[in-house]
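Q: Below are the chains, spelled out letter by letter.
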Amino acid sequence: MKQNEDIRLMKGNEAMAEAAIQAGMDAYFGYPITPQSEVLEYLTREMPNRNFLALQAESEVASINMVYGAAGAGARVMTSSSSPGWSLMQEGVSYIASAQLPCLLVNVNRGGPGLGTIQPSQGDYFQATKGGGHGDYRLIVLAPNSVQEMADFVFLGFELADKYRNPVLMLSDGAIGQMMERVIFHNREINKIPKPWATTGKTPDRERSIITSLFIQPEKMEKVNLELLKKYEAIEKNEIRYEEIMTEDAEYLFVAYGLSARISHKVIQLAREKGIKAGLLRPITLWPFPAPVLNKLADKVKGMFVVELNAGQMIEDVRLAVNGKVKVEHYGRMGGIIPSPEEVEEQFEKFIKTL
Amino acid sequence: MDNKELTTPQCIVDGEDTYDLVFEKSHVMTDTRLHYCPGCGHSVAHQILAEVIQELGIQDNVVGVAPVGCSVFAYDYLHIDWQEAAHGRATAVATGIKRCLPDRYVFTYQGDGDLAAIGTGETIHCVNRGENIMIIFINNGVYGMTSGQMAPTSLEGMKTTTSPYGRDVHKMGYPIKVSELVAPLPGAFYVTRQTVHTPNAVRKTKKAIENGFKYQKLGKGTSFIEIVSNCPSNWKMTPVQSNQFIENEMLKYYPVGDIKVPSKEDLKELVK
Ligand SMILES: Cc1ncc(C[n+]2csc(CCOP(=O)(O)OP(=O)(O)O)c2C)c(N)n1
Ligand code: SF4
Ligand SMILES: [Mg+2]
Chain A
19 MKQNEDIRLM
29 KGNEAMAEAA
39 IQAGMDAYFG
49 YPITPQSEVL
59 EYLTREMPNR
69 NFLALQAESE
79 VASINMVYGA
89 AGAGARVMTS
99 SSSPGWSLMQ
109 EGVSYIASAQ
119 LPCLLVNVNR
129 GGPGLGTIQP
139 SQGDYFQATK
149 GGGHGDYRLI
159 VLAPNSVQEM
169 ADFVFLGFEL
179 ADKYRNPVLM
189 LSDGAIGQMM
199 ERVIFHNREI
209 NKIPKPWATT
219 GKTPDRERSI
229 ITSLFIQPEK
239 MEKVNLELLK
249 KYEAIEKNEI
259 RYEEIMTEDA
269 EYLFVAYGLS
279 ARISHKVIQL
289 AREKGIKAGL
299 LRPITLWPFP
309 APVLNKLADK
319 VKGMFVVELN
329 AGQMIEDVRL
339 AVNGKVKVEH
349 YGRMGGIIPS
359 PEEVEEQFEK
369 FIKTL
Chain B
6 MDNKELTTPQ
16 CIVDGEDTYD
26 LVFEKSHVMT
36 DTRLHYCPGC
46 GHSVAHQILA
56 EVIQELGIQD
66 NVVGVAPVGC
76 SVFAYDYLHI
86 DWQEAAHGRA
96 TAVATGIKRC
106 LPDRYVFTYQ
116 GDGDLAAIGT
126 GETIHCVNRG
136 ENIMIIFINN
146 GVYGMTSGQM
156 APTSLEGMKT
166 TTSPYGRDVH
176 KMGYPIKVSE
186 LVAPLPGAFY
196 VTRQTVHTPN
206 AVRKTKKAIE
216 NGFKYQKLGK
226 GTSFIEIVSN
236 CPSNWKMTPV
246 QSNQFIENEM
256 LKYYPVGDIK
266 VPSKEDLKEL
276 VK
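Chains as they are written, first to last, in the numbering used here: chain A, 19 to 373; chain B, 6 to 277.
The following block holds chain A by itself, in its conformation from the complex (with noise of 0.2 Å):
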């Protein structure tokens, strides 16, 4: 063990939270939902040791409109919650895109619609990635497929939406969130930029901070909306982030990615052992979306198989990505099922028929 490391078996949701502390998180505000309670319960209970805040609020329109605040205060900011509770904090994610303020935002996706069931899913896919609330924003979306990733990326999510002053959203399932597996945690240096536009209190030496994300004037708001386009184009530019494996010599592509790209592993290795040379793009950044990476691998492969937990929302991604080049089809499970390997390599062979 290298001196600066720190090797624990946690769950994802608590090593989430354990990142969070040791990225130097100011504030946490969240309200109860399976599969992610750990999230909260493991923040409140370091609380008394280590210097934060966890508050349960009392509903997740609550605890999105307290991030709001504290996130417009200048504090480094955070809320977790699964699917019916990210539905109900959308008003206040849009108006958080809007003022442009820096926070990580977590949704360990269950299954639905509705209250639907508490097992893993890939449902909100496009609730993540298309909007979600109201008027043209974006949020960055990181989605993780390990326990460590989890950790890791709240690191990650903290530093993005500083520097582009906009919310970021960890998609995770209850599956990654709920799993034990070794994570480690190297000990970090934590760079927190200057905030000089937050409302700490007008001091005469600067002018007063107005957190809004009312431009009640059209002109205004085209000009906002414009601003925050610009934004969006050079994360776009900046901040696509993907693995692929064995695509080198890949014949055949599988995009999927979490849970569904760890299934999507095994596959193309299951499918190798036969001699069928298939590989994986895992994207990573949801938002931005790895389209070019993808529309490159159009001329190499010669179809495309798209895995997700969910009846088919990533595929329209990956379709616009490559632009009719190659043959894209989906294969999915809903309702918290998650395929074993064999079952998606059966579906996959039958794919590669059709080529």
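Keep in mind that the hints were calculated from the coordinates and are not lab data. A portion of the hints provided could be inaccurate.
[To be verified] Stretches of chain A that chain B covers, calculated by requiring three or more beta carbons in the stretch to come under 8 Å of a beta carbon on chain B:
no., region
1, 118-126
2, 254-268
3, 356-370
[Stated by the list, open to error] A short, non-exhaustive set of chain B residues, derived as facing chain A with CB atoms under 8 Å:
no., residue
4, Gln64
5, Asn66
6, Trp87
7, Gln88
8, Ala90
9, Ala91
10, Ala99
11, Thr100
12, Arg104
13, Cys105
14, His130
We treat Cβ as the ideally placed atom computed from N, Cα and C, and that holds for glycine.
The hints should help you fit chain B with the ligands onto chain A, whose structure is shown.
A: For chain B with the ligands alone, coordinates are given in the frame of chain A:
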């Protein structure tokens, strides 16, 4: 005569008469022209709020929260740091601010639709946690901004655009007395109901706001200051008639006075 000339001591009018400056607009008020309708209580409430902030010398240390309602533009008028909040969520936003900046003075400025309908949950729980903030509650018995719909505080029989035949309390619910509702909560430190329709009432309201700021230093809970106000435009009255309506109708149902006051013991540290 522009604002600057008006507020310059010893101004000369008409080239001959000299006047001593006896009253000055608070410098916490910006020069932006208020958008409120003539006679609206929001303007008065803003001005006394600005005066108190100036007199207490806390301009550097205040953060205001204005949610959706006619006063959503409050940040244009008071020269302090502000956050605009979603409809009903001001107390949650203020909680986020105060918890991260405990030594700042934090207040919300909310209408009745905001605080007593869509944001009731946030109101109750903010006070129940005893958040160390001041809630200023402008009760004008109507949704001003959206042009005159029924509010939870609209009086029985009151005609609004969504109770065109008058508020039928059996079908539409009773006007809700929020001050009385929050006062019993242990987190409520100071609860008072004031109004702004006469000079005397304005003075008392100003005192209440001053208390609401001062008490934050004690860290003992929420100050809740209800201001019974008017909405001449949507009440379809002249400003004078609307003030008479406050006196004759609103105050009958929403009587003015302190509902919960801190004990002498509670205030001991303040005197020190
Ligand atoms: C979620 C949401 N619902 C509805 C509205 C529309 N809306 C804006 S202000 C308002 C009522 C304001 O009334 P009140 O809080 O009493 O303030 P007043 O204008 O009377 O001072 C409503 C319903 C909104 N902005 N957001
Ligand atoms: S609509 Fe009513 S509350 Fe709004 S500014 Fe006019 S008088 Fe005041
Ligand atoms: Mg009102």
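Q: Now tell me if each hint is right for this structure.
A: Hints, one by one, checked against the model:
Proximity of the region 118-126 of chain A to chain B, defined as three or more residues with a beta carbon under 8 Å from a beta carbon of that chain, is not established by the 0 residues found. Requiring three or more residues with a Cβ within less than 8 Å of a Cβ of chain B, the coverage given for the region 254-268 of chain A is violated, as only 0 such residues are present. With a threshold of 8 Å between beta carbons, the proposed coverage of the region 356-370 of chain A by chain B is violated, since 0 of its residues qualify and at least three are required. Nearest Cβ of chain A to the Cβ of glutamine 64 of chain B: about 6 Å, under the 8 Å cut. The hint holds.
Interface hint status for asparagine 66 of chain B: upheld, as the beta-carbon distance to the closest one in chain A is roughly 4 Å, under 8 Å. Against a cut-off of 8 Å between C-beta atoms, the interface hint on tryptophan 87 of chain B holds, since the closest Cβ of chain A lies about 5 Å away. Given the 8 Å rule on beta carbons, the hint for glutamine 88 of chain B holds: about 4 Å separates it from the nearest Cβ of chain A. Against a cut-off of 8 Å between C-beta atoms, the interface hint on alanine 90 of chain B holds, since the closest Cβ of chain A lies about 7 Å away.
Because the beta carbon of alanine 91 of chain B sits about 5 Å from the nearest beta carbon in chain A, less than 8 Å, this interface hint is met. Against a cut-off of 8 Å between C-beta atoms, the interface hint on alanine 99 of chain B holds, since the closest Cβ of chain A lies about 6 Å away. Hint status for threonine 100 of chain B: holds, given a least beta-carbon distance of 5 Å to chain A, under 8 Å. Interface restraint check for arginine 104 of chain B: the shortest CB-CB distance to chain A comes to about 6 Å, inside 8 Å, so the restraint holds.
Interface restraint check for cysteine 105 of chain B: the shortest CB-CB distance to chain A comes to about 4 Å, inside 8 Å, so the restraint holds. Look at histidine 130 of chain B: its Cβ gets to within about 4 Å of chain A, closer than 8 Å, so that hint holds up.
Comparing the model with each numbered hint stated earlier shows that hints 1, 2 and 3 do not hold.
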